[in-house]
Structure formats: structure tokens, C-alpha cells
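Protein sequences appear in the order of chains A and B.
Residue numbering for the first sequence is 1 to 560, as defined by the numbering used here.
Residue numbering for the second sequence is 1 to 463, as defined by the numbering used here.
Possibly wrong hints are sitting among the right ones.
Stated by the list, open to error - Stretch by stretch, here's where chain A covers chain B in the computed footprint (C-beta under 8 Å, at least three residues):
no.: 1; stretch: 126-138
no.: 2; stretch: 211-223
no.: 3; stretch: 267-280
no.: 4; stretch: 286-293
no.: 5; stretch: 387-393
Said to hold, decoys possible - Among chain B residues calculated to face chain A with C-beta under 10 Å, some are:
no.: 6; residue: F45
no.: 7; residue: T46
no.: 8; residue: G193
no.: 9; residue: R232
no.: 10; residue: M233
no.: 11; residue: A236
no.: 12; residue: D412
no.: 13; residue: N413
no.: 14; residue: I414
For the record, the hints were derived by calculation from the structure and aren't laboratory data.
Just so it is clear, CB atoms sit at the ideal spot from N, CA and C, and this is done for glycine as well.
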Amino acid sequence: MSDPVPLLNVQIDGIWHQFPKGTRVIEACAQAGKFVPRYCYHPKLSSPGNCRMCLIEMGMPKMGPDKKPELGADGKPVISWIPRPQISCAQDIAEGMGIRTDSPLTRECRHGVMEFLLINHPLDCPICDQAGECRLQEFSVQYGTAGSRFLEEKVKKPKRIALGPRVTLDDERCILCSRCIRFMKEVAKDDVLGFVSRGGHTYLTAYPGRPLDSNYSLNTVDICPVGALTSTDFRFKMRVWFLKETKSICTSCATGCNTVIGARERVIYRQTPRENDDVNSCWMCDYGRLNFHYVNSEDRLTAPQIRLNGTLETSDWGPAIVRTAEELGRFRPDEVAVIASGRMTNEELWLARRLIETLGTPHHDVVPRWGEGDDLLLNADRNPNTLGAQLLGVANERPGENLARIVARVRAGEIKAVLALQEDLLEAGFTAGDLNRLTFLLALNILPNPTVEAATVVLPGAAFAEKRGSMINAKGRLQRLNRAIAAPGNAQNDWEVLRELLQQLSGTAGPYVIEDVFKQIAGTIPEMRGLSLSKIGDRGYQLEDVEDVPAAPAPEPAHL
Amino acid sequence: MGTVIRTPHPREKRIIFKNIDRPGYTPGIDSYFADGGYEELRKAFTMKPQDIVAEVKASGLRGRGGAGFPCGAKWGFIRPGETKPVYLICNADESEPGTFKDRYIIHQDPHQLLEGMIISCYAVNARLAYIYIRGEFPLGAKILERALAEARAHGFLGKNVLGTGFDLEIYIFRGAGAYICGEETGLIESLEGKRPYPRIKPPYFPAALGLYMAPTIVNNVETLCNVKHIIRMGGAEYARIGRPNNTGTRVLCVSGDVQKPGYYELEVGAITLGELIHDVCSGLKPGRKLKAVIPGGSSAKVLRAGERYKLKTKQPDGSMAEREIGIEEVPMDFDSLAAAGSMAGSGGVIVMDDSRDMVWALNNINEFYAHESCGQCTPCREGSLWMKKLTARMLDGGAVPADPDTLKSVADNIAGRTICAFGEACAWPTQSFVAKFRDEFAGYAARNVPAGGHGNGNAESQP
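Work out the full structure: start from the sequences and follow the hints.
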């Protein structure tokens, strides 16, 4: 046990509080309910103290002749106030410190800084993407004035600059807080941004010949307190106040960065990182962030399809499920294989496991998806739920190990039916010829692909933003997806599709709500015992001892 | 430099400038030797470093760069037994408008500076030192390089200096061409190869977290030269020059509307502003009256002729007496100029007679500060440019009645709220000019200005 951090007494606006030693003054004020406005300060970056918005009055205990603090009538130290205002973002609290966040001097300081920041600002809020989530707007309302006494010409600076493939810069809107520069240097370790020119003509730019093309570049847009840096992808697409925000997680790799999905009606407009110090701090990578446009695709599968006389025909759900169950009933257990996905939720994987058990087939696996990882957030495992697939027994400790054997058995004519759950079999080692060799092929997916085109039955599922469920990231953290938008057309949540199939195959009623699916998992998988979807919380739940994932014990048939 | 050879004024007390403009004196080391050069270095090596620090403390030497901070106290911030390397930097980025003293030392007597530096390095145990010389002083940098080579050849630098076991290297670093590079933490950033953005203090006080986050002493050229003379005469003896708390001599750089502008080394506080103008500088131009004086470099608050100041002086019996004085009676020392509401600053005295338009003069200063603001922090970046644009507009015939109030409030919103002292440097001129010459500023709104104006971009054609 390390020594507990000592608590220090600090007076904020006349009231004494206690904070752990090492607390920043600006954070102490916030904790005391006295938010101090700031632009350049960011808790995850160094503090340059350049915006001067967080100026406060500060004092230290007045020392008596005995070199001990003089005590006032209340028995507390008398504070000797420093005449100059001090920034609150770069100093830690000290014993007996006094802080005034709302004195006439601090108000005057904020008022002055607000005026300075706006005199050369283009005031183009009506066409600015930041409007609605702009610190300049917010603090202007709180600490600024409506009128201007600036009679001079504004400084002209570069506009519509493509800093890189994904970030657009408007230097006239920039307040030179340097957050983006510090992020790129300190977090992304790609010191590509900087200021050039001097004084009021200073502007932000990228190093000559070096674009801002880091896979983390869009985080600069998030932390830009104004509309200087905008996402080229999101720019001019939607006013932010129309966006419905849904807490979710990124499903583009095994890190599972916490996110907020911004959607309106049935369209996702953006994904932004949500702070979680156990997973992704305040950041996410550009690759994951922008990996949602397929959800909005025109090509989405919107209705089940059944192959009739060689052609896929649109169908209702009932006939599609019945046809699938009938077809599967014609094979011996070892003539069927289930190719599931590390992109499936735990709930879906659990039901896939039940399907495997019900069919009695030993042939099942997930499709591994490896890419290049980095030291920051991007995991080499591009499947978001490999651990879930292992824990729930759909994959073994070496995901993908069975695929080659399954393909060989397909080619040998031993496996005649394949259930392709959220995967294109061409990515699992199958060839187009292998697909044609199958007697029956089920494709559960959201977009057309060669497997869908070759399928006997196509069942349209839901994308990550269209469903609830849980996943386990590479570090064993159980996290939740939430539904931001509805699945298009007649598409269904995948867990419900799998439940329908199981019901049809077993003749027994399945779980009615997704909470019940999770309850079944929690009742069976020791690592998840006692948990429920609601207990996971917005920031996830760290599972114990999941490094060595044991195969899931065989479920009791009575559960279904 | 030094094209006009002039003999010192009889009222001068030449210590630092003893060799400046001396006929036959060259920057070479032989000239310096002929005059007893490097004897004080040999003497210093017979002393313990802490004794040198004590002598400098006893001398009362205050920094000659502008802030007037006690030199010994600054050195005292280096903790005894410091385990990190200690660096000493000579701030030769002389760029305060109206100030032109350090360049003469560098150009004409570089070994005086080197000797002062080597002694200072020994005192604070710095083994590596830099001379950060203003980028616009290429000749000075060449002269210093030559002087360094000579000093090295004579064993005053390098390994085992004069057989004492003390190692020292001094490097010349040419500045990046910006006024802010003279701000000590901006200078350190620049020396580290970065933009000269001044650091926030706390926590980055140079004596604790300076160059490469190691303890660092930054001293002005003239300050370091004084160290040599403190060793020669002893701290107590040195302290007898000048006045208590205002010891030694200062090189005052007088410019503007006087008959004989130039540099004059004077005992601190020994003469008044009036004596400086009328006696030392041979008075104002014929038929002119004194209007204003900026006494300590362009950032010092302007003094207006006719103002009365309350000056407290210590009487021989130890009691304090207050007397009221006019501008010409202000003694030229740190404390008296501070009492008059301005500062001794960098020693640049700018004299203005009644032909001067104060809006034009302020605009001239504002142009400089708007150009030199580093742009790091909001109030200075935005405010300095605003003030400049405002005074330029006044000159161009667009003055409005609210201008004096706006100017004052913009300056008020800068001073005391910035990362470094540039905030005050750019706000004080505006604050003082507008406060002291308010009628002149207010009168502009009613002026009928000829077409084309006479302001920004046409700075020579003042009315």
C-alpha cells in the first residue's frame, strides 16, 4: 500500500475545501462547483498557459512574525492576495491557498480576454461547423459582451486549408491555443503542426511538405475549442444540435474505444471519442472514427432473400427462417459448419454457440482479422470481440485455426452446409468455387458480398450502431454497444434472427429481450457471473482473469 | 560603430566604458592585456566561488538589462551542491528601442565581457556558457568569436582554465531576429532551437528549470562586465559608487531631441534628468522646450514636463523625508525613476521636445510592439496589434472621441495578464501617453487631417 495522498485545505470563493495534493487549481475549482473557463488547458496535455482565460485571483496564507500562518476569527488562515491575476491551469494547489474565481478582477480579466479573442475572429458562426459546441460561443455568452468597439480591419489569414486528408483548417477562426500542436507532439508523437509568423499575424500550419496525415489527426478537431479545425468528412453535413448522441464503442479493432455516435433520423453523421481512462483516454484513431459510412450505404440488405430456381427472391422473415431450418434438418451434424465473426456481440455469439450445440456440429470458428497495430490505440486484432468469441466457445484459443480444415472438408464434399454469420467466406479462405460446391449456404449480413450472392438464404442483420449488446476488448474489458439508429427496411437485430432460427430448429421458446440473453451468459460463463447489461455501465466492466480464455462449458439445453 | 570618436563628458565616470572610443584601443586581446586584462580573473581564482557570490551581493549590483534585479540574489538561487549542470547565458540580445550600450562593449571591448563571464561562471559553477547575441549584430558575433579564440589560446577557456582544474566553454549563439528573444525564458527556448515563446513562471524560473530544464543564470552584457570590476575593487568598495540600493555606474543611452545624443556612463543617481539633458547632452535644440522623456527604453512609462513627483529620500540621520520635485530634478537611478512612476529599465533615455506629436510618438512605439509581440498569449498578441491599428487610424484622420478611453482600456487589459513582461512593455507606453497627454489624444477626433493622412506607413512625415 502506498501512502495515501495528503489532503490540502484550499479556500475557493470564501469556502474552505479539501483536495488531494497534486490537484491542479483549475480542477480543484471545478470540483468545488466553480468552473473556470479555459481554452488552451486540456487535462491530457501540457499546460502552456497561453489563452489567459483561466486567470483567477490567488493568495497564500499571510505569515505572522513567528513564520506561522496568521489565523482569522474563523480559525482559518488569513490570506494574502497576490495583486496580479494568476492562471489556474498550470499550478497545483497548496496548503492554505486562497482562490477567487468570481471577483471583479477575474471577471474583468475574462471579459478582456473574450474581447481580444473576438476582435480578429470572423464571427461566421452561421456557416461554422463548430457552432453549437463552440467554446468561443459559450464563453462569449457567459463572459463577453454583445457589442464590439473594434473599429479596425481584421487580420486576414489562410482559410480552407487541407492540413491533411481528413482535417480542414480555417486560420481566421483559430485562437492559437496550441492544443492541436501539443496533441500531435505529446500524444500522437508526430510533431507536424506549429505556428508560423508572429504576433497578431501568427497562424497554425503543418510543416512544409508534411501533411497532417497521422491516424490520430481527427482528435485535433475534437479538442479544437473553436471552429478552426474541422473534420473534412463531417464539414457542412449537419448542424450539431440536430444530432442525437448515443454512447457506444468503436468496433473497428479490439481496443474498443468508447464513442459517441452522432446521428439524425436514420443517418450516422459522425463518431467521436468518449473519455474513458481505462480504454482510450480522450482519443480514437481516424480509421475507427470514420469507419461508419458503410452503415449509411444505399446497398444495405433490407429484406430476407430465398433462392428459388437459382435466383434470390425477396422474402418475409417467416419463410426465410423456416426454409433455413428445413434445409439444415437434411444434414448430418458433421456436414454443417458455422463460420461466425469476431465482430459479433457476446449475445450474438452466445446464440451462435447455442446454434452450434443444437446442430451438434464440431465445425465452427471465427474469421481472424489482423492488421498493423500501433503503440497508442489501434490493436493489430481488427475484430472487436475476439475475446468474447473465445470465452463463449465459438472460437478456440487460436481463432481461425479451424478454417483451413473446414475449407478442406468442403472441398472433399464432407461439409455440405455453411452458416456464414456476419462474414464473407472469401475472407475465410473459401473460393467462389467452394461456395458453389455447397448444398446450402446461409448468409447473415448487412451488405452484399460474394457469400451473400451465392447464398441459399440471405438474412439481413443490423450494423453496430443499430443494435445493443456487449463486447470484450483485448484487455478483457466488457463494454456495451447502444442503438443509435434503426436498422434499414426489414432488417433485424442479429440476436433476434439467431433466436428465431434456434426456436425453429429446437421447437422451444428463446429469450424475449436481450437482457435475458445476457442473463443466460452470466449464468453460464464464470467470468461474467453476476453481471447484467445494465451493470456493465457506460465505461465498461473489467473482467478478471480473461487472458487465458477457457472454452465455454456446454450449456444446459433447458436454458433455451 | 564608433565612427565618431568622442571624449567622455567630464561628469562621466567611466568604468565599463573605460576603453570605448579610446584612441588606439582595439578589440584584440593585446590591447586588453596592456590595460591589465584578465588580472581580475586570476584574482577570482584565488577566491572561493561562494566568496565571489558574496562580493557581488555586497556590491548591490542590479541587473542592467531592464528589470534591475539584484545580481547576487539571482546567483544565490543556484542551490549549493546542485547536481544538474548549471548554465550561464549572457543576454546580448540588446533590442529595447533607445538602448545601444551592449553593442559598444561587444564591438570595442569584448574581452571585458569574457573576463566578467568567466568569473561569473566560476562563481556559479557553470561549465558551459552561451552568449546569445542579437541576430542583427553579425559583426559583434564575429568579434566575439575572435575574442573567444584568443581567450582559449591563452588558457582562459577550455579544459583546466589557468591550471585551476576549472573547465569552461563559451559558445556564441546568434539570435533569431526577434525582440522577444531577449526575454530570458524566450531566449532559453530560442537557444534550445524553438520559437522564443516565453515560459510560464511558475514553474519555469530559469534558476531552477532553465536551459534544458537545468539551473540557468541569465545576465545582461553590462551586468557581467561589472562583475570584473567588483572583483577588482571589492563588493563594499563598489557599493560606494552610486547610491544605496542603486550602486555602480550605468551607461545611459540618450536619443531624441538633445544637442548631443549618445552613450554616457554615469554614477547611478549622481545626476538628475535635467542635468543629463542640459549639461551632459548640451541641452535641447535651439528654441525648443522639453515635452516628455522616456527614461528607460521604449517600454518605460513616459514622464511629462511639468509633472510633479513625490520622492522619499533617506536623511543623514536615517529618517525619511519626502520632497516634491519636477521632471528635471529626478535623479537617474532605479528607485527615483520608480518613485516617479517609470523605470530606469535598460538605460535608454528618449527625449522629446515640444515639436513632437504624442500620438505619432505612441504610434511609432505601438508599431514596434505589435511587430515584436510573439503572439503566444492572447492579451499581448491581440492587444498590441489593436493599439497599433488604433493609433495608426488616429493619425490617418479616422479618430473618434472614444479612442483615448479605448486605448487605455486595451492597455489595461494587457498589463499584468500576460505570460511575460512584454505585456507591460507594450501597455505602459499607451497607458502613460494617454493618461499624461489626454488632451492631445482627445483633440485628434476634431482634427481636420489632410487627404492621404500622415500615419501608418508614412512615419517620417510627422506634423
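_Just to be careful: measuring from the Cβ of R232 of chain B to every Cβ in chain A, is the smallest value less than 10 Å?_
This hint is violated: R232 of chain B lies away from chain A, its Cβ roughly 39 Å from the closest one there, beyond 10 Å.
*Once the shortest beta carbon distance from G193 of chain B to chain A is found, is it less than 10 Å?*
Nearest chain A Cβ about 13 Å off; hint violated.
*Would you check chain A against the stretch 286-293 of chain B, counting CB to CB pairs closer than 8 Å, and say if three or more residues qualify?*
violated (count 0)
*asked:* Min Cβ distance, F45 of chain B to chain A: is it shorter than 10 Å?
replied: violated, 39 Å
_Tell me if the interface restraint on M233 of chain B is satisfied: Cβ within less than 10 Å of some Cβ in chain A._
violated, 37 Å
*Does the stretch 126-138 of chain B contain three or more residues whose Cβ lies closer than 8 Å to a Cβ of chain A?*
Contact hint for the stretch 126-138 of chain B vs chain A: violated, 0 residues under 8 Å.
*According to a criterion of three or more residues whose C-beta lies within less than 8 Å of a C-beta of chain A, is the stretch 267-280 of chain B covered?*
Coverage by chain A is violated for the stretch 267-280 of chain B (0 residues, Cβ < 8 Å).
*Do three or more residues of the stretch 387-393 of chain B come closer than 8 Å to chain A, measuring C-beta to C-beta?*
Since three or more residues must qualify, the claim that chain A covers the stretch 387-393 of chain B holds, with 3 doing so at under 8 Å.
*Does the CB of I414 of chain B sit less than 10 Å away from some CB of chain A?*
holds, 8 Å
*8 Å C-beta criterion, at least three residues: is the stretch 211-223 of chain B covered by chain A*: violated (count 0)
*Under 10 Å, Cβ to Cβ, is where N413 of chain B needs to be relative to chain A, so tell me if that hint holds or is violated.*
holds, 3 Å
*Does the CB of A236 of chain B sit less than 10 Å away from some CB of chain A?*
violated, 30 Å
When held up to the earlier numbered hints, the structure conflicts with 1, 2, 3, 4, 6, 7, 8, 9, 10, 11 and fits the remainder.
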